[in-house]
Amino acid sequence: MRTMNIGKATALALTVVWAAGCSTTNTTDTDTMGGGATTTAPTTTTQPVTDSSMSGTSMADVKNLATIFYFDFDQTQVKAEAVAALRAHAKYLAANPSATVVLEGHADERGTREYNMALGERRAQAIARVLTVNGVSNSQIELVSFGEEKPVVMGHNPSSWAQNRRVELKY
Amino acid sequence: MQRSFICLFLCFFSLFARAELTVEITQGVDEPTPIAVVPFAWSGNQALPDDIAKVVGDDLYRSGMFKVMPRDNMLSFPSDRSSLYFRDWRISGSEFIVIGRISESEGQLNVGFELYDILKEERILGEDIKANRDNLRAVGHYISDKVFEALTGVRGAFSTRIVYVTAKQLAPSNHRYRLMLADSDGHNPRTILESKEPILSPAWSQDASKLAYVSFESGRPAVYIQYLATGKREKVQSFRGLNGAPAWSPDGKKLALVLSKDGNPEVYVLDLQQRRLTRITHHFGIDTEPSWSPDGQSLIFTSDRGGQPQIYSIYLPTRDVTRLTFEGQYNARGRLTQDGRFLAMVHQNNGSFHIAVQDLRTGRVDLLTETFMDESPTIAPNGSIILYATQEGIRGVLAAVSLDGRVKFRLPSSDGDVREPAWSPFR
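Protein sequence lines correspond, in order, to chains A and B. Numbering of the first sequence is given in my numbering, commencing with residue 1 and proceeding in unit increments. Numbering of the second sequence is given in my numbering, commencing with residue 1 and proceeding in unit increments.
Pulled out of the complex, with its shape left as it was, chain B reads as follows:
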């Protein structure tokens, strides 16, 4: 009896602690904007499988830029302008409000939503969207994108997707690796490749229609391309030695990758149309983890040519190499933001591996994470959030941090060890 009481107490305590932590995280230079997302009115008979307003509220909350009003605090659930009393909402402290309604005619759903400025009592935007029961979450993410862009000026990335790898040990020498595709909030996970051998380094093509990745299914590493719509795939590179770290060029025509066919890991570029391979780096050190600059003119890569792994840039027209990172003894797997200004990377500090971001204009390096085995950073296409892999106990999980370090969250972890996230470009 006493024990269960303590347990109950502990549960409350941990809930409280977590809530407090969240408040702390979202506090920063900018106060999060208070917004209310009212449950959408539904005039049909059967209950809908998804709650669009909850999807929108969760998206906006997770961006770290909004404080979303709890439903329990709402005095009414207006669904159109005539039932919306701005004064009541102003008193509740909200600055913006999203309302909506869903109706059904001849098997098709119609979702209407509107965003209002409570202080100015103005309609900011609204739209009617055709939908069906299977894509209500996608409609929710679409609305989140519109609302986010209208209020922040930054394009929303809630409709984008992520891929990641899960690993599970089924028996002492029987492993199961899965390449998973999910919505950007981790919902709707689907297996797109399953293997008994390791899968790693998934990379999106710029039009988000294809993936390149490394699979050991033949017992040796090989680079594959898989078309998401059809599931069709092809082996593009399987030389002797390493075949790894694929990265699509911004124009989608080339694939940078790492081969050791000449005896040493070097960065190459494969022209996918002409199937022509060009060697880019020439050094006896390890050169790996290439990633394209947004203009496609340079590749950044990891090299131990200076004695320890550091990130370098090579300008392709001249092959001039520039060292980018100088702080610390281990900087690797760089990824640039779409504007080319910030470099996200894995940075070793006192024996722990963290995600760090370097401002390439000023050289300033900021550590964004405090956990000890953080890796594989991937940046949302709007540059707002870095998704990465970390450890929780002996399990790998995905976590995310905003580029300014103020917002942190974890993705609901699925079965097994989760690693190697890659965030899709905009479609």
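Just chain A, same shape as in the assembly:
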């Protein structure tokens, strides 16, 4: 009986040490993820669109517009908050028929790679439609889907996934 108690105590102690070991590892992992997030951040950054003066038709006018547009899981619908910036991009492109744009579609890591490749293209197509209904010619737009292959943030959590489900608009 006494031996059993010692055995239990040892097991408990070990479990505690074990758990401590685990939680340390987890913290390190999270740190690494955070580090990964900062180092992998793309050079293009999203700017909030606040005013309505973006009616210009020169490159300078589109320079400060949002260029990354986000999506919900397994969804390809353009969010309402993206529309204003997209219209402004469209205005510039329509006024400059020789200008071209590449729309890079991306997905988060969940789901299979080739299905996500298709999903990324669907998202890029959805953004392209907003541009074309606002006067941009199809020939000015190139679509490339990278699926889940080029995440902005490396992390297995909802906030990382939300940042990776995106279309990047590149002149």
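Take these hints with a grain of salt, some might be off.
[What the hints assert, rightly or not] Distance condition first, Cα-Cα at most 30 Å in a straight line; then the derived DSBU-like pairs of lysine-lysine:
#, chain 1, residue 1, chain 2, residue 2
1, B, K54, B, K130
2, A, K170, B, K261
3, A, K63, B, K196
4, B, K235, A, K150
5, A, K150, B, K196
6, B, K261, A, K79
7, B, K168, A, K170
8, B, K232, B, K253
9, A, K150, B, K168
10, B, K67, B, K120
11, A, K91, B, K261
12, B, K210, A, K150
13, A, K150, B, K54
14, B, K196, B, K168
15, B, K196, A, K170
16, B, K261, A, K150
17, B, K210, A, K170
Please keep in mind that the hints were generated in silico from the structure rather than gathered at the bench.
Please build the complex by placing chain B on the supplied structure of chain A, with the hints as guidance.
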């Protein structure tokens, strides 16, 4: 001092835990068959670079169907019939024994091995194999194949190979992707393609001489074919939009793939001799991830035509489409076993992605894995094991599970993130 003691203790604890887990995994309806693989006798001077008996023992152990006797428990190391005392081995609990010897003459090695039934005191098989110092592991896998087939009735797949993709971030905007070729146990890895842009969806031709894959090296996706013997390669498809998910037909003459050149991801079949492209699917949903049925008459594919990704089958002569999966909201990237009976796939369950197998005869679905981001299942050509990609921390690793879920193991992970495994057919 105290801390290092705890560390030491922890190490033992984790070793113990792992060993226990292994025993648990191999316990099942069938007890693993106890077998002894005795170190092969070597009569030469210089030490050999590889230990053939260890290769054989590891192969048999990893199949999950054998319990391999530790060398430390062996009372003697017999290398031929005259030094083999069946009674001693019977007492040790082994039912079968592999013995062998290696000799050298004029720079060439000769490897002889024999498999005995300890209970019946009978020789089951044996063979002499010409070898050299560079291919001893391959000789080991060959012996494993022979032993495995003799004892299970199933052809061994230890001599086959795998390909997979590794990804490594070298700097914030500098990535390195590699397409790797290795033996089926993960040893002997070689880089067969390196790129700064993503590589995915490697697929073997049926004769195991070529690979098809998707590479973004031009900045856009394109499907390439690479000849393994020469390293020569060609770009076979690079339309506007998606060019992906290549899959060789069983006769090696066609390649199924996904193109979105008509505005929507659809499955096509490319006749490699006539270079003729035939569109197979016609639907406004996403159709992707084609894979051939063993008879080459049907393709299975993933489609979201029902609202969520599910796996369908299309019978090529009539183009009749049948939905195969009904359990759960996400089933994708199906692969059929060689007998066409089982469908391995990625299945979403409570937000996690697992490898599942569906018996197409009964409709029964079994989840084979419990980790949370499992993908890219590929089935060994003898139908025994599914290799797949999963996550360990923030790194991707390869893992394997037997079709009945009883056996699980991980492959030694190399540098970086490992993903997209593809198991070769028999050569």
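Do the hints match the structure? See the list:
{"no.": "1", "hint": "K54(B) with K130(B)", "in the structure": "19 Å, holds"}
{"no.": "2", "hint": "K170(A) with K261(B)", "in the structure": "22 Å, holds"}
{"no.": "3", "hint": "K63(A) with K196(B)", "in the structure": "28 Å, holds"}
{"no.": "4", "hint": "K235(B) with K150(A)", "in the structure": "22 Å, holds"}
{"no.": "5", "hint": "K150(A) with K196(B)", "in the structure": "12 Å, holds"}
{"no.": "6", "hint": "K261(B) with K79(A)", "in the structure": "26 Å, holds"}
{"no.": "7", "hint": "K168(B) with K170(A)", "in the structure": "25 Å, holds"}
{"no.": "8", "hint": "K232(B) with K253(B)", "in the structure": "18 Å, holds"}
{"no.": "9", "hint": "K150(A) with K168(B)", "in the structure": "12 Å, holds"}
{"no.": "10", "hint": "K67(B) with K120(B)", "in the structure": "19 Å, holds"}
{"no.": "11", "hint": "K91(A) with K261(B)", "in the structure": "27 Å, holds"}
{"no.": "12", "hint": "K210(B) with K150(A)", "in the structure": "27 Å, holds"}
{"no.": "13", "hint": "K150(A) with K54(B)", "in the structure": "41 Å, violated"}
{"no.": "14", "hint": "K196(B) with K168(B)", "in the structure": "10 Å, holds"}
{"no.": "15", "hint": "K196(B) with K170(A)", "in the structure": "19 Å, holds"}
{"no.": "16", "hint": "K261(B) with K150(A)", "in the structure": "22 Å, holds"}
{"no.": "17", "hint": "K210(B) with K170(A)", "in the structure": "36 Å, violated"}
This entry does not satisfy hints 13 and 17, going by the numbered hints stated previously.
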